[in-house]
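J.: Chains as they are written, first to last, in our numbering: chain A, 1 to 205; chain B, 1 to 479.
In case anyone wonders, no lab produced these hints; they're calculated from the structure.
Backbone N, C-alpha and C define an ideal beta-carbon position, used for all residues, glycine too.
Check before you lean on any hint, since a few could be wrong.
Unchecked claim - Pulled a few chain A residues facing chain B out of the computed Cβ check, cut under 10 angstroms:
| id | residue |
| --- | --- |
| 1 | ALA34 |
| 2 | LEU36 |
| 3 | ASP105 |
| 4 | LEU107 |
| 5 | ASP141 |
| 6 | MET167 |
| 7 | VAL184 |
| 8 | THR191 |
| 9 | TYR194 |
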Amino acid sequence: MHHPPAWILRVLHAIDEFSRIFGLISIWLVLLCALLSAINAMIRYSSGGLIWLEAHTGWGVFGWLYSLYSNNSNALGDTTWYMFAAIVMLGSAWTLKINAHVRVDLLYGAVSERTRTWIDLLGGLFFLLPLCVLLIYFTWDWAWTSLVTQEASADAGGLPQWPAKLMLPIGFFILLLQGVAEIVKCILALTTDYVREFAYEKPVQ
Amino acid sequence: MIDFVRTNMAPLMFGGLIMFMLIGYPAAFSLSAVGLFFGIAALQFHLIEPEFLGNLAYQLYGVLSNDLLLAVPFFTLMGVILEKSGLAEDLLEGFGQLFGRVRGGLSYAVIFVGAIMGAITGTVAASVISMGLISLPVMMRYGYNVRHATGVIAASGTIAQLIPPSLVLIVLASQLSQSAGAMYVGATGASIVQVLLFAAWVLVLSIVRPRQLPALPPEARTIRGWALVRKLIRGMVPSLALIFIVLGTIFLGLVTPTEAGAMGVVGSLILAAFNRRLNWPMLWDGMVATMRLTSMVIFILLGSRVFSLVFQGVGGSHWIESLLVSLPGGQVGFLSFTMVFIFVMAFFLDFFEIAFIIIPLLTPAASALGIDMIWFGIMICSTLQTSFMHPPFGFALFYLRGITPREVRTRDIYLGAIPFLLLQVALVVILIMFPQLVTAFLAPAITTDLSKIQITLPPDQNGDLNSPPAFDIAPPKFN
C-alpha cells in the first residue's frame, strides 16, 4: 500500500472546500430564512396597528412603513422560498461529502468497509454522475431562458423567478463536482492507504 | 422479449426500484437514477415522447417552490433549540413531583409532558432525549421496572409525530395534496385517543403489577406547596405561550403552518435566552443539523419526483391501482393491507422514504376506493409512528440508547417498547373502525348538487337584451 499522489489530494481538498463554502451559505440561510419568515408573519398582523397609528397621529411615518411593507410583501414571501431552494440545492454537495444522505442500509450496514467503498464507487459512477449530467441538461436551458427573458413572479410585486430556477443547475453542478471527488476518494481507498473520512450513520430526526 | 419489456415496463421499473434501493447507495440518487434509466429506456420503446422528460424541470421546481415544505427546516430548527432550552426539564420536574404520590405517577408525568412537548414541536428527538435524561434516572432510583420506564419514555416521545404541529403531518399533507391545517384538525382526536391509551395502560399496570411502578416515597417529593406551584408555572406558562404561537395561530387561521414554524423558532430562541441556555455553539449546531436534514429530505423528494414522473409516463400508477383496488374487502381490506405493508416497510425504510416513495403509489387507489384522504393520512401517520419505536432501527430507541446508563441493557429497551407498539397497533385498528375520530373534527365538505343550482332572473327582464343589465339578481340558491 502506497500513499496517494499529493496533487490528487490537493485537488480533492479544493473540491471539498468549494462544497463547504456553499454548505456554509446554506447553513446561514437556515437561520435567516426562519427569521425573515417570522418577521413577515409578524408585520402582517401588526399592519392593522400601523394603519390605526397613522389614522390617529397623521405623522406619515406609519403610513409610509405600511405601504413599504404592503408593496414588498410578495417579494418578501418569494425571498423565503428562494432561500429554501438555496438551502436544499447548495447544501446537498456538503451533505454528500459528510455522508449524510440517507440510505437503505439493509445490505450496506452488513457488509465490510471495502464492499461499501465498492458500492459508493459504482453508485457514484453509474447513478450520481449520469443523473447530475442529465438533470443539468434538463434544467440549464430552462433556467437560462427564465434569466434572459426576466420571467416575472406569479404574484404581483414578486421577484423575478430566475434566481430560484438557477439554483437547480447550480446545485446539480456542485453535486457533480463533489460526486467526482467522492469517486476518486473511493478509488484511492481501494488502491492506496487513503482512508475515507466519514462513516455512514443514520440521520437524526 | 422486446414486446414483453414494452408491455411490462411499469412492473420492471418497480422491480428496478427495489433492486437499486437495496444496493444501499443514497436513496435520493438511486431514485433519480432508476427514473432516468427507465425514462431513457421508455424513450427507446416510444412509450413516452422526448418532450415528456422536459417536464422534469417543472417537477423539480415544484418541489423547491412548495411553501409547505419550507416548514421542514423551521420545525427541525425549532425542535433542536427547544431540546436545549430547558423547557422539558422544568415540566418533568414539576409534574413528576405533582403526580409522584400515586402509583405510576412518573409514567403519567412522562406521557403528559410528551404530549405537551409534542404540541409545541414536531420532532421526536427533543422529547425523547430530555425525558430520557431527566425522568429515567428518577424512575430507576425509585424502583420502576426498567423495561416499562424506557418503553414509556420512547413511546411518549413519539407522540410528537401525531400531535399537531407534527412534521410528519406536514409532509403527509403535501404528499396527499391536503391542507396541513385540515390534517392537524383531523389528528386531534387520534392523538387524544393515543394519550388516553398510554395512560390507561399505565393504570392497568399499576393495578396488576403495582411493584413495577411504585409511588414516590415522601422523602423524594422534595418540592411541595408554593415552590411546586412556581415550578409548574415556570414550565406551563412558556409551554402554553409556545403552543399558542405555533398551534393557536394556525387554528385561528392567522398564519400558515410554515410561518407558524418560523414563529416557533423565534419563540424557542426567546425561551432559551430567558432560561440562559442560548449560546452561539448551540444555535450553530442546530443550524448545521437542520441544513443537513433539509437537504437530505428534500433531495429524496426530488429523486422521487424524477421516478414518479417516468413511472406515471409508463402507466405505473394504473398498474399499482389495479393491483390494490382488486384487493378483497373493499375499503377495510385495502386499509388493513396498506397499514400492514407500511408497518413492515417501516422496519427497513426511513419515514421520509416511506412518505415520498410508498405513499404516492397508494394514494390513487385510496381515492379510487373513496377513502377520505385526511383519515387515510392520520392512519398512515399513526402506523409510521411505530417505525420510531420498533427494534432494531427505531429512532426513539436509538436516542434512548445513546443517553441511558450502561446498566440499562439494549435488550430491555427493545422489549420495553413492545407493549406500546401493540397499543399503537390498537390505535390504528380503532381509527379504521371509527373514522369519526378523525372526520368529526373536520368541517363537513360542502356538497352541492350541481343539477339543483338555480339562477333566477327577474321575470320582466328575462331574455330582454335591450334593457340595461340588472344588478339586483337574486343570489344563486343551493339546495
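J.: Take the hints in turn and mark each one as holding or not.
T.: How the hints compare with the structure:
no., hint, verdict
1, ALA34, "holds (4 angstroms)"
2, LEU36, "holds (8 angstroms)"
3, ASP105, "holds (6 angstroms)"
4, LEU107, "holds (5 angstroms)"
5, ASP141, "holds (9 angstroms)"
6, MET167, "holds (7 angstroms)"
7, VAL184, "violated (17 angstroms)"
8, THR191, "violated (21 angstroms)"
9, TYR194, "violated (20 angstroms)"
In summary, the structure is inconsistent with hints 7, 8, 9 from the numbered list given earlier, while agreeing with the others.
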